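With chain A fixed as given, assemble chain B onto it according to the hints.
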Amino acid sequence: MQDKEFENRKSSDIITVDRISKTFSSGVVALNEFTTHIRRSEVVVVIGPSGSGKSTFLRCLNGLEDIDSGSIVIDGIPLDDNKKNRQEIRKEVGMVFQQFNLFPHMTVRDNINLAQQLVRKKSKADATEMTMDLLRKVNITEKADAFPAQLSGGQQQRVAIARALAMMPKVMLFDEATSALDPEMIGEVLDVMKKLAREGMTMVVVTHEMGFAREVSDWVIFMENGKIVEAGKPEYFFNHPLEERTRAFLSQILT
Amino acid sequence: MNWRSQNVMKYIRFFSDSGSLIDVLKYLIVMLAGIWLISVGTEKLGYNWQWYRVPRYIFTFEGRHLVAGPLIHGLMVTFQICSISMLFSFVIGLTAALFRLSDSQAARILARCYLEMIRNTPLVVQLFFIYFVLGPVLGIERFLSAVLALSLFEGAYASEIFRGGIVSIQKGQWEAAYSLGLGSFDTYRCIILPQAFRRILPPLTSQGISLIKDSALVSIIAVYDLTMQGQVIIAETFLTFELWFTIAAIYLAVTLTLSFLVNLLEKRISVQS
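Protein chains in written order, with our numbering: chain A, 1 to 255; chain B, 1001 to 1273.
Read the hints as simulated data drawn from the structure, not as lab findings. As the structure is a computational prediction, the values presented were derived from the model and not from experiment. Some clues are possibly wrong.
What the hints assert, rightly or not - If we take Cβ atoms under 8 angstroms as the criterion, some of the chain A residues that face chain B in the derived model are:
no., residue
1, Asn62
2, Arg90
3, Ala115
4, Lys122
5, Tyr236
The beta carbon of each residue, even a glycine, is placed where N, CA and C say it ideally should be.
Excised from the complex, chain A in its bound form:
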């Protein structure tokens, strides 16, 4: 049943990851012949114990980490040593980090304007118009002139999402976007992410928020030691996991 589902999913891939491997200089194997496909407008949640390689997988998708072998193709562009391709992919793939990584010396507005003006070559007025639209979307218009240090963690992360969206990416990557937040701020960030998912954004989400995975995701990947242990639709994955290891992991984090 799940195999058939997997074959169907291949039809309209936006991301094709074929047997990628990555070993860090420390000798840690982060990815081991990892293969997956992600369809347009799909929300894929990647879970797994720490050190399982899920963050590395995400960082490989926009070339923040180099892969040792295998291939990644995003929207028809191969992610290889060609610098132009890499640049092209980074324009189309937005990323949201655990530590927000806003530019502290710029206002919220300039943070979001920057790439629009430098990379998309928009005029300042056009960029600002889009920035204000995005700030409205993440519900934080009143902070346009504030500096990141003046915002709460949740607000900073929402600005970071707006900043990534300003590039009009085809794919958004979320690397534990809520893990550094105080509990009462997780909700506001997850709400923005859910909104994005409903609008049809293709999203790859590394998270520990099982509620989000259950509610929003189309596909769940459970990783360990750089490999997929089990993958499936959330209703099967959470209710009827096939692998013993998945059951053990789920029982640990769901209690």
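For chain B alone, kept in the frame of chain A given last:
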């Protein structure tokens, strides 16, 4: 205890509470000791102080016009040398730092060689080398030699300051910029350097002050800077102590002004973010 002595006590307590009374006392003791040392020293030398002869070397009046003396002329030369060298040393320093951090092994080795060569030889030797060896070959005269030597020398130290500032910026800033599609150049220009600059302003100021003081060395290749002018006057007048003190005071005034200006700049920058 009457009202007045109570007030005095309050005053004393205020100072000693904040520790500043003790600081003031320490300061006074050091100053008195200094003055005492100099007066005892010069007494033993039997030195004949002739301060009244000094001002004419700074300014003279010709009729109703104020005319700059040789020391001011020298100061102007020092200003020229320092401002040009400072600009160049920052450019060289930044370039060397970027070379050190680049992906190209050749650039890294080049920058490393430059740094080690400059840092491990005396400035005087470099100055002589540039003036006497490179000078005739490349046809550069003494002023340019002085500027070149100072720029290369201070640039080496500045490069380490720049490098330190750049690597102190968290990796996440690079990643955020790259993930937005920015190239290395834009990332350096808009994200990394503006943040690094705030951090390296204090050590960079120290470097600038060193440059001003090191510029006194150019007098050995007969560039008529402040120090050289002083030496010439001393040779003519034997006002050794008066002039060296005066020259020291002028250098001090220049470096303190620089520190003060940078302090203002630092405050302005920190208010901004």
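Hints versus structure:
1. Asn62: 6 angstroms, holds
2. Arg90: Holds - the Cβ of Arg90 of chain A comes within 8 angstroms of chain B, reaching about 4 angstroms at its closest.
3. Ala115: Result: holds, 4 angstroms to nearest chain B Cβ.
4. Lys122: 13 angstroms, violated
5. Tyr236: 32 angstroms, violated
Checked against the numbered hints above, the structure breaks hints 4 and 5 and satisfies the rest.
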